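Engineer: Read off the chains here:
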Amino acid sequence: MALLELKNMTKRFGGLTAVDHLNLKVEQNQIYGIIGPNGAGKTTAFNCITGIHPPEEGAVLWQGKEITGAPPHKVAAMGIVRTFQTIRLFTEMSVAENVMSGRHFQSNQRWWHGICHTPASRRDEKENWLKVKEALEFFKIDHLAAEPVGSLAYGIQRKVEMARALVSEPKLLILDEPAAGLNDSETMELVETIYSIRNQGVTILLIEHNMDLVMTLTDYITVINFGKPIAEGIPDAIQSDPMVIEAYLGSEDDDDE
Amino acid sequence: MDIFFQQLVNGLTIGSIFALVALGYTMVYGIMKLINFAHGDLVAMSAFVGLSVYDQFLGGTTNSLVAVLTIFAATGVIIAMAGIILERVAYRPLRNAPRLSAVVSALGASLVIQNGIMLIWGPRMRFFPADILPATTWNIGGVYISFIQVVILVVSLLIMAGLIFFIDKTRVGAAIRATSIDHDASRLMGIDVNRIITLIFVIGTFLGAVGGLFIGLYYRGINFNMGWNYGLYAFVAAIIGGIGNIPGAMVGGMLLGIFKAFIAGYVSSTWADAFTFTLLIAILVVRPTGIMGERVAEKV
Amino acid sequence: MKKSPNKKIGYTVFILAMLLFPALANPKWLAIGSTFLIFSVVGLSEDIILGKGGMFNMGHALFFGIGAYTAAIANHTFGIPILYAIPLAILIPALCGIILAGPIIHLRGDYLLVATIGFNIVFLQLVENDIFGITGGPNGIFGLDTPTFLGFDLASPTAIYYLGVAVLLLTFYVMANLDKSKAGRALHYLRLDDLAANSIGINTRGYKIFAFGLGAGIAGLAGVLLAIQYSAVSPEAFNFMQSVLFFSIVLVGGSSLPGILMGTFVMFVLPEIFRDFATWRYFIFGFAMILAMILRPEGIFPARFGKIPDYFKKG
Amino acid sequence: MNKMVRVITAFLLFFALSGASAMASDTIKIGVQAPTTGQYANEGQGIDQGVRLIAEQINAKGGILGKQIEIFTCDDEGTAMKAAICAKDLVNKGVIGVIGSYTSTCAEAAQATYYRAGVLQTTDGTSDTLTEHGYWTFFRNSFPNSAEATYTANYFINVKKYKRIAIVTDFSSYSTGLGSSVEAEIKKLGGNIVYQGKIKAGAQNYTPVLTKIKSKHPDVIYFSGYYNEAGLLRSQQMQLGVTADFYGSNACDNPDYIKLAGKFAEGSYLINVPSPELLPYDLAINFLKDYRAKYKMDPPSIWTLLNIDGMRAFLYAIEQTGTTDTKKLAEYLHTIKDYPGITGPIQWAPDGNRTGSAHQTYEYQADGSKKIIYPVVK
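Top line first, the protein sequences correspond to chains A, B, C and D.
One gets our numbering by counting positions in the first sequence from 1 and adding 156 to each.
One gets our numbering by counting positions in the second sequence from 1 and adding 42 to each.
One gets our numbering by counting positions in the third sequence from 1 and adding 532 to each.
One gets our numbering by counting positions in the fourth sequence from 1 and adding 3 to each.
Relax, there's no trap hidden among the hints.
Mimicking DSS-like on lysine-lysine, the simulated pairs with C-alpha atoms at most 30 angstroms apart in a straight line are:
| no. | chain 1 | residue 1 | chain 2 | residue 2 |
| --- | --- | --- | --- | --- |
| 1 | D | 164 | D | 190 |
| 2 | A | 282 | C | 839 |
| 3 | A | 287 | C | 712 |
To be clear, the hints were calculated from the coordinates, so they are not data collected in a lab.
These numbers come from a predicted model, not from an experiment.
Build out the structure end to end from the sequences listed, making use of the hints.
Structural biologist: Right, dumping it as structure tokens:
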């Protein structure tokens, strides 16, 4: 059984079909890439999976169970956590507080602990902060814990966003263009990070425009264009697929969708 | 049946005034994403200014189109200037501040204008003379409609048609539409955003001034604190229509006027506000951005 | 999470000053002091919804009023001693907050603002029209029993003042807990980026409703105090202008404990001090509001972040 | 960092400064609790100006008991909460008597405080609940709603023999209180009420309610409420071609009513105690003359004069008893009979109600003046 399976998933905006009968299967512990030209519907596909925009047709199966249309927080609680193409952090807050949001659904606190703490909820609070500390150390940004995140460099913000996702102990981590805006050394670091996340047993699904990165990093790739899958396979096979080459000609440059 | 049509006329008259005032809210909102809570008080102020213009320069003139036009022109200019000052003093320094700080600034400006009116013109009610316009009333099959009601309806419709033409068909209108979508991009395209904002305040407050003068001419008694009441309903009208949307404000104003007339006429005057606002909330639950407001999907 | 020494001194001095205030003040200022405490509590409760949750609630007087009226009706119509009515006067507004927020919570910014104004106006009309014959109509309900607690008569202005202090301290305690809990953080997250918060597993809709429920409950408690202080409730104390006051308190003061206290001081106590200016005072006050926002757009004492546990700090 | 300290310093400074008010009694202190700003600013300022005029006149003659009168005004803004604070403020200033407030609600919100402090209070509030608490400090200088309601119902049913009556009120306590009293009295006399509705003060557009009334074909529209709304109701009634007679209650008695109703004021009616310019007493004529001389305007309404009468009675009592002990003053005030007031003879019932209602019905004339039509003057 695949970890995540999309069956004929379709999403329309008005007359435009952003995602058109998309099928794919992400296996446990894979690093799975989705590539395609601008406007191909990659981010929309992610939005459908994570419940931001429920698909009109088709199904999203998670560990064999249908979760189509589940709201984002429920999807996250099942273990599917994402990052965003345009970084979305809580800019006024500190790095540690940002990452702490990832512990939200793992925390055992109930709503009324917000009014009155109990010894158990205080303990829980401390345990979660320690997890955050661990995650910051993993990303080597623990020295920035108290800094307001909005004032930090782009590369650091990417790390904070990934730390936030990872600290929630996801089963599937969805990365939307994680290398966008990073320089070469930061990209190298990213590759290392993604491998070590995978080695912790986390499955990874990513969109990326940086072809070299995708080809070295992923185990399996689906190429989509105009919302439709046009090819899938291991990186080597994709690289030589004439349909893929054609789709990419003339539309490779900017990375906005 | 005459009662039904009478209520329709009642509703359309007050609805036109709501619509004129609502346009001021919606235009400013469209450009600055700001609820200009001081707008209602500018409306009240315009009635006082209009009355002073009449007293100073036209004392005793009756049934005169020239007198009325003079009042409108002079008041329009003065209130538009007040609108420009309001924007400079209370809103421009806050343009890059969090949205809500401008709301508080607007509330402060509302206090300033309201109490300023009281300090200048006194706390007592002031009165427009009854005979600036002919007091003719027509009885059409049991439906009574007065000359001033006709004037309010016709002039409001003409102004609104003109406004739509201006926004949709002229270069300046295009610049306004562009600015309402994106200040920075408009600036890059060579639009002077500050001038557009000033222009919006001029047009918006001018429309409010027309509304305020209609209030003075029709109801005749004007009070320093009447701005809040008209402001609130006009703001509600703008929200019903979809704030930021110009035809929406017109539709919202007219609908609100008619709602209020029919609720008082056919449901209950005792519970008029309760019904009006329950209906408003119901509209928002079903259409979260008003009747003609665009549904914005967040880009991810 | 240790407080800095200055802050500790600040809070200690403030609490001492609050406790000693009745010895200095004459009856008029004692009454204003009590109302200041009550409005501060309401300000803090509005802060949960508006400041932390970022929801434009301009109808907060509604919950304040439901609390006051619940206590007054319980006392006047059903003869329940007013202090025993407190749990009811917290629960009923909280439930109203939850029920009313439910259908409108998805509205964005200004649409939510107008919907909450709408609720406030509907409520006012209900009490003014003496619904079910228990709200006393436009006059309100006068002559409530004075509360007694363990045999002590709490009718004196000083006793009422200290009751206010106790409730304010209780509210401080709740706010401090909220700040250090996942529920409190969730409100900050969803204010700053609803979608990101939702995607990281926070039930944003649920927490928004939670904020309304909690804010409404605390406002209801403050409402009981108001009913006790004046031995009366009357509709105009809960009208839309009052909601505007609470809204402004949070924004002028800033979303923090000292901010709300300062906001209440500026918005409520200052106009009382400048009563001698009579007709000029609101004119000047309006300018002061504009100036305050230009100088401190985020409020006098805005919310501060970076409050992280000590073990994060190096060294 | 030590912002808390700064906040506190600010607090303490203000309160320390305000705590120091003197209590020496070399003057006779009189309080005015009136809405000098807000919705009723007009009436509130009238009361304040009137009180100050009287105090000035008496002080010029050497004061009372050799002491000067000192006036303290507190603006209650027409709201109950501010009224409660005002009451505490005035008591704190050491006043022995308070004039006001204008609205029943504010008078009622302040009542208990004055009673506990033993401070005399005189108000024009007409709400019947004001005298139901049994406070010995309370003296109403106007006539209660119940008296006006009895008069109105009797006049409508027994004198004018109206068959279809429409009653309109606003949402204020005065208006709904009087409106429901009139309704009850009319029903007692077997009258037929065809419509009852409420309008919102300040809304200005009352055509929907009037159109609804039109569909009920009443022969009379009775409005218990304030002059602003009355004027608009009357003019909109006529513009809509509703031919019923129009009656306003006491609070409609204000020159602004005529300005608002314009030419339509003619032929409408008013039920009230005599208004300033119709008062036959020399006292009234002189007071109006002095008021105009000082303030270059007329007092806003009869309510100013009623409050002044309350004040004059207080001062008279001080003069007669030679004391400022409020308990003794109250006892004396209950014994006075036909004390000549600006608004007619004054005496009080034990509950603090002014007795001897003098309600009359007036018809507005084309020139804006009022003509008494009932009781018929011989």
